[in-house]
Every structure is written in structure tokens, then in C-alpha cells.
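*Asks:* Mapping to my numbering: the sequence shown position 64 is 64, numbers consecutive.
There's no promise every hint is true.
With a Cα cut of at most 25 Å, we get these calculated DSS-like pairs of lysine-lysine [what the hints assert, rightly or not]:
| id | residue 1 | residue 2 |
| --- | --- | --- |
| 1 | 71 | 40 |
| 2 | 56 | 40 |
| 3 | 34 | 50 |
| 4 | 50 | 79 |
| 5 | 34 | 71 |
| 6 | 50 | 40 |
| 7 | 56 | 109 |
| 8 | 34 | 56 |
| 9 | 34 | 79 |
| 10 | 79 | 40 |
| 11 | 109 | 34 |
| 12 | 71 | 50 |
| 13 | 50 | 109 |
| 14 | 79 | 109 |
Honestly, the hints are just simulated from the structure, not real lab data.
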Amino acid sequence: MGVVEIGPGRGAFKTRALARQGHETRTYNLSTPKVEIYTKMLCGYCTRAKHLLDSKGVDYEEYDITMGGEKRREMMERKPDARTVPQIFIDGQAIGGSDDLAALEREGKLDPLLGL
Numbered sequence: 001m002g003v004v005e006i007g008p009g010r011g012a013f014k015t016r017a018l019a020r021q022g023h024e025t026r027t028y029n030l031s032t033p034k035v036e037i038y039t040k041m042l043c044g045y046c047t048r049a050k051h052l053l054d055s056k057g058v059d060y061e062e063y064d065i066t067m068g069g070e071k072r073r074e075m076m077e078r079k080p081d082a083r084t085v086p087q088i089f090i091d092g093q094a095i096g097g098s099d100d101l102a103a104l105e106r107e108g109k110l111d112p113l114l115g116l
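Build out the structure end to end from the sequences listed, making use of the hints.
*Replies:* Written as C-alpha cells, this is what we have:
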């Protein structure tokens with residue numbers, strides 16, 4: 001994929017020229033993977049996993065399954081053996097929980113998964 005600059009007008013050249021003139025632009029990395037995390041309120045492991053992702057500046061979709069419901073059913077369909085939270089998915093791939101995420105970080109394997 002790649003990087004796309006969005007700003008007033010069309011085209012990267014015009015966007016860069018407008019940025020030099022002080023106009024606001026935004027850069028989007030289109031290769032950033034989708035990160036999803038299923039959590040419950042007052043879950044220390046969930047908080048730890050979110051802090052690690054936050055420290056890396058990673059955007060993620062958080063699904064609170066404290067009260068059960070559709071998102072809990074969805075999590076169980078995606079990872080039938082999941083009995084604890086958080087459950088973390090990167091581009092649809094089940095990563096596991098907070099300890100698994102921390103292990104990937106220690107092994108230097110998390111950044112490549114996150115496109116960093």
C-alpha cells in the first residue's frame with residue numbers, strides 16, 4: 001500500500017505546496033493493520049494491553065463485553081477457546097491476551113505486526 005496525504009485541493013504535489021503555505025494536511029498510512037480488542041470494565045489485563053498499544057500510538061477498536069451481548073458472541077465465534085479478556089486481533093489474526101501481546105513486544109515481533 002502506501003501513504004496518502006489529504007488536504008485542500010487534489011494531488012500530493014498541490015497538498016505539499018499548500019502545507020508549506022500553512023494549510024492543514026493529514027497523512028494516513030494505508031498499510032496500518034486493523035487492531036481490535038475485546039475488553040471488560042475493571043479488567044487490569046485489559047488496561048495493561050491498551051496501555052501498551054497506546055504507548056505505540058496504535059489506533060484500535062475496543063469492544064466492551066462486560067454485559068455479554070452481541071460482541072461477546074462475536075468474540076466467541078472468532079476465537080471459540082477464548083475464556084478470558086482481553087482478546088486481541090490484528091488484521092483478523094487472533095493474538096491472544098495481554099500476556100501474549102507483551103511477549104510479542106519482548107521478542108521484537110509486535111512492531112512488525114502493527115506496521116511500525
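*Asks:* Decide, hint by hint, whether the structure agrees.
*Replies:* Comparing the hints with the structure gives:
| no. | hint | result |
| --- | --- | --- |
| 1 | 71 <-> 40 | holds, 11 Å |
| 2 | 56 <-> 40 | holds, 22 Å |
| 3 | 34 <-> 50 | holds, 14 Å |
| 4 | 50 <-> 79 | holds, 19 Å |
| 5 | 34 <-> 71 | holds, 17 Å |
| 6 | 50 <-> 40 | holds, 12 Å |
| 7 | 56 <-> 109 | holds, 13 Å |
| 8 | 34 <-> 56 | holds, 14 Å |
| 9 | 34 <-> 79 | holds, 17 Å |
| 10 | 79 <-> 40 | holds, 16 Å |
| 11 | 109 <-> 34 | holds, 16 Å |
| 12 | 71 <-> 50 | holds, 18 Å |
| 13 | 50 <-> 109 | holds, 17 Å |
| 14 | 79 <-> 109 | holds, 21 Å |
Violated hints for the displayed structure: none, as all numbered hints are satisfied.
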